[in-house]
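S.K.: So the chains spell out like this:
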Amino acid sequence: MSNRQPPVLEIDNLRVEYPLANGGLFTAVENASLIIQPGEIHALVGESGAGKTTIGNAVMGLLEKPGRIASGSIHIGGKLLDPTSGSADGVVLGRDVGAVFQDPMTSLNPLFTVESQLTETLRTHLKMDRAASRVRALELMKAVGIPEPERRLKAYPHQLSGGQRQRVVIAAALSCDPTLVVADEPTTALDVSVQAQILKLLRDLADNRRIGILLVTHNMGVVAQIADRVTIMHRGKVVESGPTAEVLRHPKAEYAKALIGAVPRIDMRLDRFPVVGEEAKGRAADAREAIRAKAFRADATIDGSEILSVENLCVDYVTSGLIPGSKGHRFRAVDNVSFKVRSGEVFGLVGESGCGKTTIANVVAGLVKPTSGRVLYQGKPVAGEGGIRRVGPLRQAIQMIFQDPYSSLNSRIRIGSILAEPILFYRLAPSRAEAESDVAQLIEAVGLDADSAGRYAHAFSGGQRQRLSIARALGARPRLIVCDEPTSSLDVSVQAQILNLLKDLRDATGLTLLLISHDLAVVRQMCDRIAVMKSGKLVEEAAAEALFQSPQHPYTQELLSLVPTLDRIRGETEVA
Amino acid sequence: MNTLASPNLIMRIGAPISVMLAALLALVIVGCALLAGWLAPYDPTDLSTFELINAEIPPAFTADGDSRFLLGTDNQGRDLLSAMMYGARVSIAIGGGAVLLAASIGVFLGLIAGYFGGRIDALIMRIGDVILSFPTILLALLVSGIARALFPQAGTAEWAPLILICAIAIHEWVQYARTVRAATMVETAKDYVKAVKVIGLPGRRIMLRHILPNVMGPVLVIATINLAAAVLTEATLSFLGVGMPPTYPSLGTLIRIGNEFVFSGIWWIALFPALTLVLLVLAVNVVGDWLRDRFNPKLRVKR
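Each protein sequence line maps, in turn, to chains B and Z.
All residue numbers for the first sequence refer to the numbering used here, where the first residue is 65 and numbers rise by one.
All residue numbers for the second sequence refer to the numbering used here, where the first residue is 6 and numbers rise by one.
Isolated chain B, as found in the complex:
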C-alpha cells in the first residue's frame, strides 16, 4: 500500500475516561493506537466491555456525555480531531465519515421512505437539488446491490428485509463518498446467508472505492473473512495488533490465544472448549455427583432408547383481523416436522431466524400448543393430539433454558428463592433446610459460590445468570432440557464455559439435551445428531459428523459454506 495519501484514520495513544458518580474515574480505553490506510479493513475485536465501541464512537464524535478523550489524538484523513468538540477541521460526520450501526431495524426512521432518508444527507452536505439527489440515491442503491432499486427507493423500512435494510444503511453511509466508514457490529443482527452478502459488499467497497473501514465486531469468523488487519482489545487495552492471518494463526498475547481458542470450530470436533481463565473443579464435581444420585429414578433410562418423539408437528400463528370475528392472516411457523431424540444424547436443531426452531422448543416445553401433530415423551403424548396434562413427574421431566439471561431471572426475588421454587413445589426435599442445601448444591454444580443464594439477579454477569438459569432447570430433576440459544447473547469465552458446563452436566447426570441454535459451529461441538430447518420445514437430519462432512441437502451445503470461520483467513494465500 502506498503512503502517498495520508492514512484515513490514525489513532495515537487514545485514552477515553468516564467520570463516575462517586467521584472516581473509569478508563474505557487506554493507550489505544491504530492506523487505517485507504482501502483497508481494520477489525477491532474484543468481548463486551472491552472498549471497542467506545473507540468507534470517539472517531465519530459520538461519545456519550460524561465520557471524554483524556489524552492521545485521532487524525481523520490527516486532520486532527478536536477532543472537546469531537469534530475535525474540514471533516464532517456523515460526509467524510460514514457510520453503519448494529441494528438495521432501528437505524432507519420507520416514518420516512428510503429515498427521503438517502436524499436528506445529500441535500444537507452536498447541497444537491431534489432531482440530482434522486439520481445519486439510485446510484447508491445499485452500488450496494439492492434488487429493483427504483421500486425500493419508494419503500418504507418495514417493507424491506433485514439484509436490504442494512444495505440501505450502508448506502446512506456511502452517500457523500466518505474516506472512512465506521461499522459497529454491522452483521451481528443478521442471519449467516445475509451476513455473507453484507461482508462481501463491505470488502468490495474497500477494494473498489479505496474506503478505509473500521470494523467493530466480536465475531472472529467475520474478522478472518474480510479484515486486513486486526486489533484485539481487552478491558480497554490493546493486547495485540497486526495482519489478520498472523494474529489469528499465531497469537502472542495470552489473552489473544485464549480468545481465539474459545471460538467454536466448525472444521473439527473437540472434546472440550479451551477457556479463558480457570474453571471450578472439585466442589462442582462433588455437587454434580450428588445431584446425579438424587435425580436417578426408576424410570430414568440412559440406554439410548427414544425419550422424545415429535410427530408431524404443525404450528400456525393466526394474527387476528381488525374486525372482531374476521379471519386474520395465518402463518405456518412449523410445517410437518418429525424427529426423535434418544435418551442421553445432545440433539441439535439449527436454522436461520424465523425458521421455527424456537417454536418447536416452546411446544416441547409445553408453552405453545401445536395446531396438529403431537409430541411424545417416553411414549406418552404430552402435546397435540391426545396430549395428557403435564403434572407431577411428567412436568418435571422436561425443563428449559432461555436465550436472554437478563430476562430469564426474576429481578425482585432472591436467587435462592428462585432456585428453591421447583424443589419446594414438587416436595423434592423433606424440609426447608434440606431445600436450602439442595439449592446450595445446585449453585455449586454450575460453578458458582453457594452464598450466591442470598443475592438478587442484578449482582451477576450474563454468563453467571445463564449458569443460574441452568441450575434452576436442574432443580426440577429433569430428564430432558430444552436449550433455546443458550449462548447466543454471551461473549465467546463465556460461551465456551457455558457449553463446557452443559457437556459436563450431561456426562455427570445422564441428561438429554435438545439444543436450539443458529450457530453451526456450536452445534458441531455439542451435538450427537443434528436436524436442519428452513422456513418451518425439516430439510435434513443426520449424525453430527456425517452432516458436516457430507451435507446432503443443498440448503445445508449453502449454510456450511457461508459461515465465516477461522480456517478461511483472508490474505493467507498471499502470505503462504
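Don't read these hints as lab results, they were simulated from the structure.
Check each hint, because a few of them may be wrong.
To be verified - Covered stretches of chain Z, going by a simulated chain B footprint (3 or more residues, C-beta under 8 angstroms):
#1 190 to 199
#2 214 to 223
Said to hold, decoys possible - Derived pair list, reagent style SDA-like, types lysine to any residue, alpha-carbon separation capped at 25 angstroms:
#3 Z:K202 / B:S495
#4 B:K143 / B:R274
#5 Z:K202 / B:G451
#6 Z:K199 / B:R476
#7 Z:K202 / B:G437
To be verified - For each label pair, taking beta carbons as the anchor points, the in silico distance ranges come out as:
#8 B:R496 / Z:P207: 16 to 22 angstroms
#9 B:T170 / Z:R153: 55 to 61 angstroms
#10 B:R453 / Z:P157: 51 to 57 angstroms
#11 Z:W164 / B:R394: 54 to 60 angstroms
#12 B:A195 / Z:L128: 54 to 60 angstroms
#13 Z:M25 / B:S137: 22 to 28 angstroms
#14 B:S112 / Z:P218: 24 to 30 angstroms
#15 B:R132 / Z:L128: 54 to 60 angstroms
#16 B:R496 / Z:Q158: 48 to 54 angstroms
#17 B:T252 / Z:M190: 24 to 30 angstroms
#18 B:R336 / Z:P218: 17 to 23 angstroms
All residues carry an ideal CB built from backbone N, CA and C; glycine is no exception.
Based on these hints, arrange chain Z on the given structure of chain B.
M.R.: Frame of chain B, contents of chain Z only:
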C-alpha cells in the same frame, strides 16, 4: 457537584424544593387529621356540647372573634377548627379506603386479564370500559342512591363511609386494572415467567409471587395521584348531600353547610374547610406527579 455522595438524606432523595414543601404540607394536614382526637380543642361529634348561643362566632382574629374558637363556629355553635380536623380525618379515611379497595380490585382483575388474556381479558376490560363511560360522580350518586333505597341506615355516620368508599372505588378500579393488565402482559412474555411455567407452578402462584412484585411500581404511583381524586370525589358527594351526615361532617359536608351562609356574610364556615381541601389535594398531587416521573424510566434523565 455530586448529590449521590452527599451525606444529607434530604439531598439524596433529590426532590425539588416544591415537592419537599408539598410533602411537608401533606404530612401536617394528615398528621392533624390522624391526631384529631388529641389535638382538637372540642369534640365536634358530641352534640351535647354545642351551645346555640355560641353559633356563628367569627374567627378569633377578627374584631368580633372569641378566643375560645380559633376559626369561629358554625350555625350550631360547633368549633370549626375541631370540625375541620375531624372532617379531614373522615375525608382522608374515605379517600384512602377507596384507593385501597379500588387498587385491590384493579390489581386482582388486571393480573387475571393480563395473564390469561383471551375471553377473560375481553370480559374484564369491556366491563371496565362500560364503567368508564359513566362520569365518576354520576356513578357514585347512583350507587349511594341505590344503597340508601335498599338500606334505611345507609345515611348514618357508621354506614355512610363504607357506602362512599364503594361508590368511589367502583369507578376507580378500572384505571388500576388497565395499568396492571398492560404491565402483566409485558412481564408474562418474559423468560422468567416462561421458566416458572415450565417448572409447572400453578397460575395463581406465578401471578402472585412472580409477576405481582414486578408490576407494583406504577400501581403505587397511580394510588398516590388517585388519593387526591378520591378525597375530592368524597367532598363533592358530601357537598351534594349524599355523603357524610351533618352530625359527623367531612370536609365536603362542612363546605356544604358553609355554602348556605356565605351570602349572609358568614364566610368562614365554607372558606377554611375549602382551603384545607385545596391544599391537601394540591400537596398530594405534587408529590404524586413527582413520584410518577421518578418511577417512569422513560422520563428519567440520563446521567
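S.K.: Taking the earlier hints as the rules, which of them does this structure contradict?
M.R.: 13 and 18
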